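Participant: Sequence:
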Amino acid sequence: MRMSDLIEDFIKDLFEEDEEFIEIQRNELAEQFNCVPSQINYVISTRFKPSQGYYVESKRGGGGNIRIKKINNTKSEYIIHIINNIGKEITASEIDILLSDFLTYKIVTASEAKLLKVATSDNVLRLSNDIKDEVRARIFKNMLLNIE
0 MRMSDLIEDF IKDLFEEDEE FIEIQRNELA EQFNCVPSQI NYVISTRFKP SQGYYVESKR
60 GGGGNIRIKK INNTKSEYII HIINNIGKEI TASEIDILLS DFLTYKIVTA SEAKLLKVAT
120 SDNVLRLSND IKDEVRARIF KNMLLNIE
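Residue numbering for the sequence shown follows numbering that gives the first Met the number 0, starting at 0 and increasing by one per position.
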């Protein structure tokens with residue numbers, strides 16, 4: 000596993016079933032994983048976005064206190080929330096992160112995740128780079144709207 004994946008899993012494990020939020024210290028977490036604080040920032044900014052069901056409040060100074068709040072919604076509300084927060088473009092790696100979360104929270108089945116991944120992959124989207132992520136976003140959003 001990559002360091003980013005380990006940090007992400009550790010942070011997600013901090014959430015108890017009934018907890019609304021967690022607070023972590025950026026510097027303490029960096030020490031625990033023997034990495035630089037910017038690695039913690041990277042994980043939080045890429046793996047804990049509103050489009051992935053989280054709100055993050057960050058306070059600078061004093062070790063960098065970070066509060067992460069998990070958004071608890073129904074499956075339909077969660078999917079609509081994701082669609083509304085994707086924007087006009089999405090990369091294949093961002094879809095991979097979303098699909099990992101979808102599987103963790105049982106938003107999609109393994110076969111649905113595989114179809115979403117294949118339909119939005121670079122192998123399928125043989126387009127110029129300036130429009131590929133926009134087309135990928137449109138396909139992904141449309142497919143999400145049709146998941147029951």
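Please note: incorrect hints may appear among the correct ones.
Said to hold, decoys possible - What follows is a set of in silico ranges between Cβ atoms, one per label pair, in the way DEER data are often shown:
no., residue 1, residue 2, range
1, 127, 18, 39 to 47 Å
2, 19, 118, 18 to 26 Å
3, 127, 104, 14 to 22 Å
Unchecked claim - Heads up, simulated DSS-like pairs for lysine-lysine below, C-alpha to C-alpha not over 30 Å straight-line:
no., residue 1, residue 2
4, 58, 113
5, 11, 68
6, 69, 116
7, 131, 58
It should be emphasised that the hints constitute simulated quantities derived from the structure, not laboratory data. In this text the structure is predicted, and so the values were computed from the model without any measurement. Every residue gets a Cβ at the ideal spot worked out from N, C-alpha and C, and that includes glycine.
Participant: Compare the distance between the alpha carbons of residue 58 and residue 113 with 30 Å, and conclude whether the hinted pair is satisfied.
Facilitator: violated, 38 Å
Participant: Keeping to a limit of 30 Å between CA atoms, is the pair of residue 131 and residue 58 held or broken?
Facilitator: violated, 36 Å
Participant: Can the suggested window of 14 to 22 Å be confirmed for the beta-carbon pair residue 127 and residue 104?
Facilitator: At 34 Å between Cβs, range violated.
Participant: Can the restraint linking residue 69 and residue 116 be considered satisfied, given a maximum Cα separation of 30 Å?
Facilitator: Holds: residue 69 and residue 116 sit about 24 Å apart, inside 30 Å.
Participant: Take the C-alpha atoms of residue 11 and residue 68, compute the straight-line distance between them, and say whether it is at most 30 Å.
Facilitator: This hinted pair holds, its Cα atoms lying about 11 Å apart.
Participant: Within 18 to 26 Å: is that where the Cβ-Cβ distance between residue 19 and residue 118 falls?
Facilitator: violated, 35 Å
Participant: Are residue 127 and residue 18 spaced within 39 to 47 Å by their CB atoms?
Facilitator: holds, 45 Å
Going down the numbered hints, you'll see the structure goes against 2, 3, 4, 7, while the others check out.
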